[in-house]
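Protein chains in written order, with this note's numbering: chain A, 1 to 336; chain B, 1 to 336; chain C, 1 to 336; chain D, 1 to 336.
It is possible that part of the hints are untrue.
No farther apart than 16 Å at their CA atoms in a straight line, the calculated lysine to aspartate or glutamate pairs in the EDC-like style are these [said to hold, decoys possible]: (1) C:131 - B:195; (2) B:131 - C:195; (3) D:131 - A:195; (4) C:172 - B:195.
Derived, one-sided and incomplete: chain C residues facing chain A with beta-carbon distance under 10 Å [what the hints assert, rightly or not]: (5) 210; (6) 211; (7) 239; (8) 240; (9) 241; (10) 244.
It should be emphasised that the hints constitute simulated quantities derived from the structure, not laboratory data.
All C-beta atoms, glycine included, are put in the ideal place defined by N, C-alpha and C.
4 protein chains.
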Amino acid sequence: MIIQLEQNITASQLEKLREKLQEIQYRSTRVSTQFGDYIIGVGKKEFDIRAIGALPGIRDIHRVSDDYKLVSKKWRVEDTVIELEEGIRIGTGHFALMAGPCSIESEEQVEKTIRHLAANGVRIMRGGVYKPRSSPYSFRGLGIDGLKLWHAKAREAGIRIITEVMMVEQIKPMIPYVDIFQVGARNAQNFNLLDALGEVGKPVLLKRGISGTIDELLQAAEYIFSNGNERIMLCERGIRTFETAYRNTMDINAIAMLKDKTHLPVIADPSHGIGLRRYVDKVALASVMAGADGIIMEVHEQPEKAFSDGQQTLGFSEAERLYRQLRLAFELREGF
Amino acid sequence: MIIQLEQNITASQLEKLREKLQEIQYRSTRVSTQFGDYIIGVGKKEFDIRAIGALPGIRDIHRVSDDYKLVSKKWRVEDTVIELEEGIRIGTGHFALMAGPCSIESEEQVEKTIRHLAANGVRIMRGGVYKPRSSPYSFRGLGIDGLKLWHAKAREAGIRIITEVMMVEQIKPMIPYVDIFQVGARNAQNFNLLDALGEVGKPVLLKRGISGTIDELLQAAEYIFSNGNERIMLCERGIRTFETAYRNTMDINAIAMLKDKTHLPVIADPSHGIGLRRYVDKVALASVMAGADGIIMEVHEQPEKAFSDGQQTLGFSEAERLYRQLRLAFELREGF
Amino acid sequence: MIIQLEQNITASQLEKLREKLQEIQYRSTRVSTQFGDYIIGVGKKEFDIRAIGALPGIRDIHRVSDDYKLVSKKWRVEDTVIELEEGIRIGTGHFALMAGPCSIESEEQVEKTIRHLAANGVRIMRGGVYKPRSSPYSFRGLGIDGLKLWHAKAREAGIRIITEVMMVEQIKPMIPYVDIFQVGARNAQNFNLLDALGEVGKPVLLKRGISGTIDELLQAAEYIFSNGNERIMLCERGIRTFETAYRNTMDINAIAMLKDKTHLPVIADPSHGIGLRRYVDKVALASVMAGADGIIMEVHEQPEKAFSDGQQTLGFSEAERLYRQLRLAFELREGF
Amino acid sequence: MIIQLEQNITASQLEKLREKLQEIQYRSTRVSTQFGDYIIGVGKKEFDIRAIGALPGIRDIHRVSDDYKLVSKKWRVEDTVIELEEGIRIGTGHFALMAGPCSIESEEQVEKTIRHLAANGVRIMRGGVYKPRSSPYSFRGLGIDGLKLWHAKAREAGIRIITEVMMVEQIKPMIPYVDIFQVGARNAQNFNLLDALGEVGKPVLLKRGISGTIDELLQAAEYIFSNGNERIMLCERGIRTFETAYRNTMDINAIAMLKDKTHLPVIADPSHGIGLRRYVDKVALASVMAGADGIIMEVHEQPEKAFSDGQQTLGFSEAERLYRQLRLAFELREGF
């Protein structure tokens, strides 16, 4: 169950509520976010929802039988829309484009990418400064210095920054330079990192694990929410299956289902989703029709010269064509 | 390699070609279809393509290094468009809708479905009379009598029939009543059935196996083509993955890739693809954006009363809305 | 439910039973095998098992709530042991070794293999004469002539034959020359083939589908049993997973579980299970410890020269060493 | 390539080596562990191995073309054997048993478990004090206090401790109380954690990711080794496949292959591997025959009352029987 508390609930009212929950043998967790105060109750017994809901200091109470609670659509009338500065909105009814290189490489690369994005009305730039790499001998990104350089250029152009964070220690130094923290697929169940991001006042984009279920993704989001941060988006980025013709198997089913199960925005990553440049456009368009609230994709002036091998990265002109198509597909879908 | 023969190639010219192939140690297979004559050569040595191509009696010669040959896009300038009677076309540039119940159940059901399809301009009706069932104790369909009844009603209304064939012995009796033979996912590598369908003058819709790779699907189609039948469409119907939130995981990546690898039409089956009625529309729309040439889907006047449990079946009004949306999505895509 | 009938049950007693089942709304199927007569009842209502069991003409009645019935362990006190001629037994308490080449290639190859098997006390020889091949341009086996040649040599040496059957039409001509019919992974849900093998008086080894579940395998076996043939063994031969380091992923969990769920013998195929010669021995030994009643494996005098590429085939001396180890492992396990 | 350095290599000799590597365009990484000094070179060009090997200050040089280097078997003559205090050895030729509860719950539970282990000659005890849980509302373990309590009891009895570490910050406080650090499946690609464990003087047991490939597991181990810690064991604990009959699919193929690819010890976790108590014994025995150097398993005095639901946990008497069987299976295997 989810109990929404009044802001001015008193200590004795709270105590009374706790007793009531103990009576019915529900374990309770207090959650305070930037937008509200909640008690999450977990238990198995039947209970009289009105008796609890009528207690003083309680705004509302909701039954949510899923393993995830606060991220469920069952208790929220309206879908979450995340607002960034300057009127950028992410969530139902809005369409978010995020694009940029796999890795931040150089000042020149950043400038060229920003020019490309600005010319195309793309207001959120992706890029890695901390790169999770299978091999310890691979390039691991430019780190905080790369981020600062990037941030300075992006701010000038009114472009927002989304980038991956890999460990708790990185969060604090990154905060001034990041608009959206990204959690990568390999950290989808790094619960300590999720906890820590719950205490941060910035939105988080949470990627589905390489073989993560829908349910696991939603519970991972619950970690962030229950630690205090309601500004979460989920990202489908392809799963691991028996099929080796593509790098990953983009699971558009997940997009359709997530939009039904949670009030959080759902973003699709076609670049990693199929992992083959040639098909990124089709997979991106399919994702929009399946219900995605936005697309995050890799672009590079010269994909074949990117630090990453660029096999899943679009060139600027391909990307331009795709932005237009995606916006049209979004408009068509919204008209349905 | 694929060698296209002139219709009037002489026996001695053919003999000469064979010798040439033996010289370079290529095993050769003669293929005659309703549309052409071919020699398929399989070997590893380098060869002079012009020397062979210049031989008399040869129209053209193509290198195709894939394991599949005749179904590859590498040698065909234009995509295959399959024509049914009355101007129905399936393939690139056309959009095919096929709808109907899981199983043919009764005359009344057939009539109602036909009325629904006719009113919506859907000209191909699906339905099972031989049903592959996991349990031997389940209903296995009305068989040939059901098919005859269905056929009579459909012909009156100008509706074409697609239905599954499960074994070689069923083909011959079914021929007069079937417009498209469907091969189900469980028979995707039933090579004897594929061989036999190669000798039939009717189009075949070949479903991907439950864990079939793209390559296996194309090689299965090669069985049909190389036995004489060029009129094949491929069908993505969801694969088996670790995710159990849906019955199958619709793999729209396969649609995007198949349209690139083969000249054959590609159809999407969202009903089995995700297997949950609530999401069939989104998955169908996504499939169109990924490049599908058509959609095959389950509809029933009363899904919850269908012989199958109907969990993946749309009601008539849901279906009507979806037909319209699919046609719009197709138009948008063609405009790109 | 499974109702075992007395041999001399009268038509009127049978009628009475049928009425009783209709009363409780159970659909019933009559099954007659080489060893018994049964009625399988499928329904959902609660019923009084004693009331039905006490009817005249009934030997016994069992509740079996699984989707599969006759192959379930829930109603059989003793595991099935399949007897071949000359005292060969397959099933709990016995250990069966089956070995031979991927494909039957020549008289010389058959003779050498038989000598090898006889010298090592291996009494069942495997080999393909009808080969399921992904590509239509690959060698599909020597067919019935190869089988006859093989059979003549094997009979002289007292060696029994197991070989794959791929289509219903092949069964009848094969019967005189086959001791165990094998159904391959690709035909694991070829229900017509399973039906037909239910009417044959020879044992059947049924392989698990490439992505077949335990439940599907048992239901496939139920097809054979319910059509009249109780002499079935199941075979784990590796499944398709995300891991591409091996050809298939041998699933020894399935062996452990199948021995618990069914009374049928369970055979392991390490050659296909992992598909890499180097590891066949370890996988075979692991399969025995997991509970396998026997091992079917590929051996060839010169694996690297086999028709198949032989990558999963042991040479004679490797095989000899493994036979000994497997027998020791079996003895150890039986002692537990 | 791996270059083993002499302990007394001089700065100028090192400089010379670096130049040589730059000449052939190899990126180099210096690695210093508790046992040796190495330079890892990564590049693509052909090089003269003897020319480099003959340089002063170099003990040996090895070509290792795998993505992982130091953990590869290609350069090490002998398998790694990890020694704990009091003569406990883990690795080829030795058999390690590790057992204990899912979670450390209470002093009484710890005492009972220790008595059980001591009585059966099991010298390493597993148990969780930091538990990775899908839901933020679940019990997350007793933490460092639980570990201290456990450590005090274990030391008295001469029992060693293996327990999971989930984040970098936990490592330092845990060091005095832990004998083997365990990295869980969800952290199998938490590269920062792996880096940090490379700097620790304690052995690490690294679990395979839920859908981690063999190659990813070995590269994860390379992270630890290349940061300075050679004392690593790998652990197969079941993978995620389409099969839902078990919680995970124990992949004994991985055990066989890992023993061939790496010199590190390989441990099997049958409890999580299949996740069903009823089959843990068979899976454990199979793992030994596949080549495992040890077994880590869950035992609890009253499995059904464990904090975890105990569905994969053996009771003491089941466990006792299994220890004996495992030791016999190990002896048999070593005799082969």
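Structure versus earlier hints, numbers of those that do not hold, lowest first: Result: hint 4 breaks, nothing else.
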